[in-house]
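Participant: So the sequences go chain by chain: A and B. Be aware that the first sequence starts at 1, since it is given in the UniProt record's numbering, and climbs by one per residue. Be aware that the second sequence starts at 1, since it is given in the UniProt record's numbering, and climbs by one per residue.
Calculated directly from the structure, the hints in this document are not laboratory data. Backbone N, C-alpha and C fix where the C-beta goes; we use that ideal spot for every residue, glycine too. Please note: incorrect hints may appear among the correct ones.
[What the hints assert, rightly or not] Just a few of them, taken from the derived set where beta-carbon distance is under 7 angstroms, the chain B residues facing chain A: (1) LEU111; (2) ALA141; (3) GLN145; (4) ALA150; (5) MET182; (6) GLN198; (7) GLU298; (8) SER304; (9) MET315; (10) SER333; (11) GLN456; (12) ARG457.
[What the hints assert, rightly or not] Cβ-Cβ distance ranges computed for the label pairs, FRET-style: (13) A:GLN57 <-> B:ASP354: 32 to 42 angstroms; (14) A:GLN258 <-> B:PHE417: 49 to 59 angstroms; (15) A:GLN57 <-> B:GLN288: 38 to 48 angstroms; (16) A:ALA132 <-> B:LEU58: 23 to 33 angstroms; (17) A:ALA49 <-> B:LYS409: 20 to 30 angstroms; (18) B:GLN288 <-> A:SER333: 20 to 30 angstroms; (19) B:GLN258 <-> A:ASP248: 51 to 61 angstroms.
Here is how the chains run, residue by residue.
2 protein chains.
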Amino acid sequence: MANGFLQQLPKDRATFDIFFRRVPDEGSFVIAAGLQQVVGELQKLHFDASDIAYFKQLKLYDEAFIDYLANFKLDCEITAVPEGTPIFPREPLMTIEGPLVQVQMLETLVLNILNHQSLIATKARRINYAAAGRPVMEFGARRAQGPDSATYGARAAIIGGCSSTSNVLAAKQFQIPAAGTMAHSWVEAFDDELTAFQKWAEIYPDNSALLVDTYDVLKSGIPNAIKVFQQLVATGHQPVGIRIDSGDIGYLTKKARQMLDQAGFMQAKITVSNALDENVITALLQEQAPIDNFGIGEKLITSSSSPVLSGVYKMAAIERDGRIIPKIKISGSREKITLPGRKRTYRLFYPGTDKAFADVIALADERIDGRPLEVINSDPLSVKNPTVIQDFDARELQQTVNLAQSTDKSVFEIQRFSKGRLAQLPDETQRLTNPDRYMVFMSKSLADLQQALLDQRL
Amino acid sequence: MANGFLQQLPKDRATFDIFFRRVPDEGSFVIAAGLQQVVGELQKLHFDASDIAYFKQLKLYDEAFIDYLANFKLDCEITAVPEGTPIFPREPLMTIEGPLVQVQMLETLVLNILNHQSLIATKARRINYAAAGRPVMEFGARRAQGPDSATYGARAAIIGGCSSTSNVLAAKQFQIPAAGTMAHSWVEAFDDELTAFQKWAEIYPDNSALLVDTYDVLKSGIPNAIKVFQQLVATGHQPVGIRIDSGDIGYLTKKARQMLDQAGFMQAKITVSNALDENVITALLQEQAPIDNFGIGEKLITSSSSPVLSGVYKMAAIERDGRIIPKIKISGSREKITLPGRKRTYRLFYPGTDKAFADVIALADERIDGRPLEVINSDPLSVKNPTVIQDFDARELQQTVNLAQSTDKSVFEIQRFSKGRLAQLPDETQRLTNPDRYMVFMSKSLADLQQALLDQRL
Numbered sequence: 001m002a003n004g005f006l007q008q009l010p011k012d013r014a015t016f017d018i019f020f021r022r023v024p025d026e027g028s029f030v031i032a033a034g035l036q037q038v039v040g041e042l043q044k045l046h047f048d049a050s051d052i053a054y055f056k057q058l059k060l061y062d063e064a065f066i067d068y069l070a071n072f073k074l075d076c077e078i079t080a081v082p083e084g085t086p087i088f089p090r091e092p093l094m095t096i097e098g099p100l101v102q103v104q105m106l107e108t109l110v111l112n113i114l115n116h117q118s119l120i121a122t123k124a125r126r127i128n129y130a131a132a133g134r135p136v137m138e139f140g141a142r143r144a145q146g147p148d149s150a151t152y153g154a155r156a157a158i159i160g161g162c163s164s165t166s167n168v169l170a171a172k173q174f175q176i177p178a179a180g181t182m183a184h185s186w187v188e189a190f191d192d193e194l195t196a197f198q199k200w201a202e203i204y205p206d207n208s209a210l211l212v213d214t215y216d217v218l219k220s221g222i223p224n225a226i227k228v229f230q231q232l233v234a235t236g237h238q239p240v241g242i243r244i245d246s247g248d249i250g251y252l253t254k255k256a257r258q259m260l261d262q263a264g265f266m267q268a269k270i271t272v273s274n275a276l277d278e279n280v281i282t283a284l285l286q287e288q289a290p291i292d293n294f295g296i297g298e299k300l301i302t303s304s305s306s307p308v309l310s311g312v313y314k315m316a317a318i319e320r321d322g323r324i325i326p327k328i329k330i331s332g333s334r335e336k337i338t339l340p341g342r343k344r345t346y347r348l349f350y351p352g353t354d355k356a357f358a359d360v361i362a363l364a365d366e367r368i369d370g371r372p373l374e375v376i377n378s379d380p381l382s383v384k385n386p387t388v389i390q391d392f393d394a395r396e397l398q399q400t401v402n403l404a405q406s407t408d409k410s411v412f413e414i415q416r417f418s419k420g421r422l423a424q425l426p427d428e429t430q431r432l433t434n435p436d437r438y439m440v441f442m443s444k445s446l447a448d449l450q451q452a453l454l455d456q457r458l
Numbered sequence: 001m002a003n004g005f006l007q008q009l010p011k012d013r014a015t016f017d018i019f020f021r022r023v024p025d026e027g028s029f030v031i032a033a034g035l036q037q038v039v040g041e042l043q044k045l046h047f048d049a050s051d052i053a054y055f056k057q058l059k060l061y062d063e064a065f066i067d068y069l070a071n072f073k074l075d076c077e078i079t080a081v082p083e084g085t086p087i088f089p090r091e092p093l094m095t096i097e098g099p100l101v102q103v104q105m106l107e108t109l110v111l112n113i114l115n116h117q118s119l120i121a122t123k124a125r126r127i128n129y130a131a132a133g134r135p136v137m138e139f140g141a142r143r144a145q146g147p148d149s150a151t152y153g154a155r156a157a158i159i160g161g162c163s164s165t166s167n168v169l170a171a172k173q174f175q176i177p178a179a180g181t182m183a184h185s186w187v188e189a190f191d192d193e194l195t196a197f198q199k200w201a202e203i204y205p206d207n208s209a210l211l212v213d214t215y216d217v218l219k220s221g222i223p224n225a226i227k228v229f230q231q232l233v234a235t236g237h238q239p240v241g242i243r244i245d246s247g248d249i250g251y252l253t254k255k256a257r258q259m260l261d262q263a264g265f266m267q268a269k270i271t272v273s274n275a276l277d278e279n280v281i282t283a284l285l286q287e288q289a290p291i292d293n294f295g296i297g298e299k300l301i302t303s304s305s306s307p308v309l310s311g312v313y314k315m316a317a318i319e320r321d322g323r324i325i326p327k328i329k330i331s332g333s334r335e336k337i338t339l340p341g342r343k344r345t346y347r348l349f350y351p352g353t354d355k356a357f358a359d360v361i362a363l364a365d366e367r368i369d370g371r372p373l374e375v376i377n378s379d380p381l382s383v384k385n386p387t388v389i390q391d392f393d394a395r396e397l398q399q400t401v402n403l404a405q406s407t408d409k410s411v412f413e414i415q416r417f418s419k420g421r422l423a424q425l426p427d428e429t430q431r432l433t434n435p436d437r438y439m440v441f442m443s444k445s446l447a448d449l450q451q452a453l454l455d456q457r458l
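Next up, chain A with everything else stripped away, as it sits in the complex (with noise of 0.2 angstroms):
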C-alpha cells in the first residue's frame, strides 16, 4: 500500500486514529500504555541494507519507493493520551498525522505495542482493584507470549497497579522491584524440607519467604516453616513468612494464619499465587481468607479471560492540496462505522471539581469551554437524541508527543498518574461486574459530519 500510496498520491497528508470499539472482560474503560515504546521504536524506525536487499528481491515494488525506505525520514506528528489514561470506547488513543504513505507504514507497529500494553495495564487494574490494596505481584514470565510478552507486560502491569515482577529482566530494565520466592524445585534439591527451609533462611535471614506446599501444606510445610521462623528470631532476625501454591487456597490460608498466629508470628505475611485473576481474589476475600499479597502469572500478563485489545487505525482524513477532506469507513455493522474528521476529546467535570461525568469527542477546530454544548450519544447502538450539556469544565485527554525527546517518566510515576486519574471517575465506572456504561458523547458537529458522509456514500 505504501508503495501504492507514493506512487498515486505522494503529496497527501492523512490523520488516522487509533481507538477501541469494546473493553476486555466487558470492563467499562482501557488503560492507556505503551507510549514510551510506540515513541522509542519511531525514533530508531529505518530500513537497514538486509532490509532493502529483502525488498528488492521481492521484485514488488517501485526502486522510488526503495530508496524512499533507504532515505526513510519520520515526518509525521503525533497526539496521544498519556500513559495510564483510563479511556473510553471510540476516543482516540492516539492521533498520527503525517505523509500518507509514511503514516500507513506505522499502523503495525503502533497497533501492536499499544493494543497489547494496554490489555495488560487494562488487567492490572482489575485485578488491583479485586485485592483492595494489598500487594499484587507479576508472576508471569514463563507464560507470556514470547519474551517480549513478558518484558514489557510486566511494565503494563506496574501501570495498571502491580506492585513488583518476578521477571528480572524488566526489574532491570524499568526499575521494578524484583521479587518473587523459592520455586518447588529448591525444597525437592534437598534431603527434606526442613533442611531446604533451613540453608535458605540461612542465605536469606531477612527475605526468607518459604514455599510450604511441596510436600504437604499443613502437616509438613507450616511446621517445618514455624521451626526455621523460631531458628530465626533466636538469631535476631525477622520471619517474611510463607507462600502457597496448590489447594485449596481460601481453606489452606485460614488453616496457615491460625497455625503461624499460634507459634507467635503475627506478622509473618501470606502470600498465594496458583491460577489466580481478580474473580478469584473477590471470592477468596469475600470469605476473608488471610492473604497478605498476591502474585499472579498467566491470567494477568496474558490476560486470559480476554486476551485481545482490539485497537484500531482508521483513517479520519486526508489533506490535499491544502484541504482537509475527512474519510468514513461504512459497514453494515452499525459498531464499526468510523468517527471522520480531525477530532479532539474532551473530559468534562463538574464546575470546578475533579469529578469527571462524561467525555466528549468533537471535531479539532470547536471550541469545548463550558458553554452549552449540543451533544449525542457516540454508541452507535444507541437512539440518537440530543441533548444539551451545560455547566462543565472540559479537559482535553491528548497532548501532543515531542518524538524529538525520549520520554523519561518512571513506571510508578506513570502508575500514581493513573490512579489519579482513575480516582476523577465515578466509583460505578470502576467496579469490575455491570459496570456503569460512562457516557462518551459526540458533539453535534461531529455527528452532523459524519451523517453527511454517511449519506453521500449510502
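Chain B: place on chain A using the hints.
Facilitator: The following block gives chain B in isolation, referenced to the frame of chain A:
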C-alpha cells in the same frame, strides 16, 4: 535460587523436564515448537557489564555468584522432541541436564519460548484442520501480545500449517511468503471506490486482490471489482479476486460467488477475514460458503479461546556424588504430582506400520523394544490397572539437541515433518471436538518408582 544453589549444592547436577498437563481448546495434543529459538538463545546466553552492575547493586548475591555470572559458560545437555511433533500431556517436550545452578536459571527463558510457540502452532493446526486444505494466511501482527509475539507467532503458525503471513519482518526472517491485500484506508484515500480499485490494478495488475467492503459489498464493492477485472482481462491480465472483512461471511460469499461467476470470473478467488477461528470456519464450510482462502488474525496469533499453554519445568532427578536421586513434587491436586527420574518417551506403532496407537513414558534405563511391557495409564485421574502391551514397534520421541550448531531447518520443512507425524496418529485423536484421548502409558517400573517416592513422603 541459583545464588543459593551455588553456595549450598555447587557440585550437584540436575535433570528437569518440561511438560504440560492440559491441552489448549480441550484438544488431544500440542504441536511442539520453539526449539530453534531456545537453542539460539542458549548459544548466546551471557551476562554483560550492565547486567553484572545491576546484580551487584541489588545487594542480594554473593561475590562468588556474581563472578559465576560474569564468566557464565553453559554446560547443559538437552534432549527434546523435534519441532512439529504432536505431543501429549505429561510427555517431556524437553529435558535439560546440567549443573543444578545453571539448569535452574534457564527455567523462565526456555518455558516462555516453548509455551508460546507451541501454543500458536497448536492453534494453527486446529485452524488449518478446519480449513480442510484451503490456504490460511496469518494476519494477526497488530493484535499480537507485543512485537516478538507477532514474529515468532507467525513462525509457529506456519509450523502448524499456515501458508503465509502478513508480517513482513517474519516473512523476511523465516523465508515465509508475505501475503495480504489492501486495507480499507487504500479505498478511503481516493475519491471513490472504483478509482481506488483502478489505481491498485494499475500498480499491481497481477496481484489484484480487492477489498470490497469499505462501503457496501454487494451494491458497490463487487460491481466495482467486476469493472476492474474486465479492464484487467482486456489488457491481458488474470484477476486475482476479492476479500470480504465484515458482515455475514456466509451470505456475502455466496452472493459474491454468483456475481463473479455471472460476470465470467469463475477463477477469481474469494478470501475472507474478520475474527475467524476454527469454529467459524467449520460452520462456514458446513453451509458450503464458497471460500478459497482464509486470513486469520487475533484468534490465531493469541490463541484467544485458550491463550495459555501451561508448560511447567519440574525437577526429575539430582546427581550427587555420582548417585542419581529421583525427585518428585507432591500436591493435594493429583494431577500436579510429577513423574520422577530420568525418563524416555516412545511412540508405539502397530508392527511394521506407520500407525501409532499409544505412547509410553519409561525410565531411561529400561529397554522398550517390542517385547511384552507392563504399563499403566499415566493419567493421574484414571484408575490404575496394569496392562501388558505386546506386538509393537517403539520409536523414541526425544532427540539429543546439538547446542554447538544452529539448526537450520526451514519452517516449511518443519511443517512437512509435522504433517507426517500427524498422519501417524489415529483420525479420532485429530478431530477438533471431543477428540479421543490417545493413551499415554507409563511403564510399570516408572509407576513403581513414583509410588515408592510418594510412600516415602506421605
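Participant: All hints are to be evaluated individually against the structure, with a verdict given for each.
Facilitator: Consistency of the hints with the structure:
1. LEU111: holds (4 angstroms)
2. ALA141: With a minimum Cβ separation of about 5 angstroms from chain A (threshold 7 angstroms), the hint on ALA141 of chain B holds.
3. GLN145: Hint on GLN145 of chain B: holds, closest Cβ of chain A at ~4 angstroms, below 7 angstroms.
4. ALA150: Holds, about 6 angstroms.
5. MET182: holds (6 angstroms)
6. GLN198: Where the cut-off is 7 angstroms and the nearest Cβ of chain A is about 10 angstroms from GLN198 of chain B, the hint is violated.
7. GLU298: Constraint on GLU298 of chain B satisfied, holds at 5 angstroms.
8. SER304: Since the shortest Cβ distance to chain A is 5 angstroms, the answer is holds.
9. MET315: holds (4 angstroms)
10. SER333: Interface hint status for SER333 of chain B: holds (6 angstroms vs cutoff 7 angstroms).
11. GLN456: GLN456 of chain B check fails; min Cβ-Cβ to chain A is 10 angstroms, beyond 7 angstroms.
12. ARG457: Nearest chain A Cβ about 5 angstroms off; hint holds.
13. A:GLN57 <-> B:ASP354: 32 to 42 angstroms: Holds, since GLN57 of chain A and ASP354 of chain B (Cβ atoms, about 39 angstroms apart) stay within the stated range.
14. A:GLN258 <-> B:PHE417: 49 to 59 angstroms: Taking Cβ atoms as reference, GLN258 of chain A and PHE417 of chain B lie about 56 angstroms apart, which means the hint holds.
15. A:GLN57 <-> B:GLN288: 38 to 48 angstroms: holds (40 angstroms)
16. A:ALA132 <-> B:LEU58: 23 to 33 angstroms: holds (30 angstroms)
17. A:ALA49 <-> B:LYS409: 20 to 30 angstroms: holds (26 angstroms)
18. B:GLN288 <-> A:SER333: 20 to 30 angstroms: holds (24 angstroms)
19. B:GLN258 <-> A:ASP248: 51 to 61 angstroms: At roughly 59 angstroms between Cβ atoms, ASP248 of chain A and GLN258 of chain B fall inside 51 to 61 angstroms, so the hint holds.
Going through the hint list in order, the structure does not satisfy hints 6, 11.
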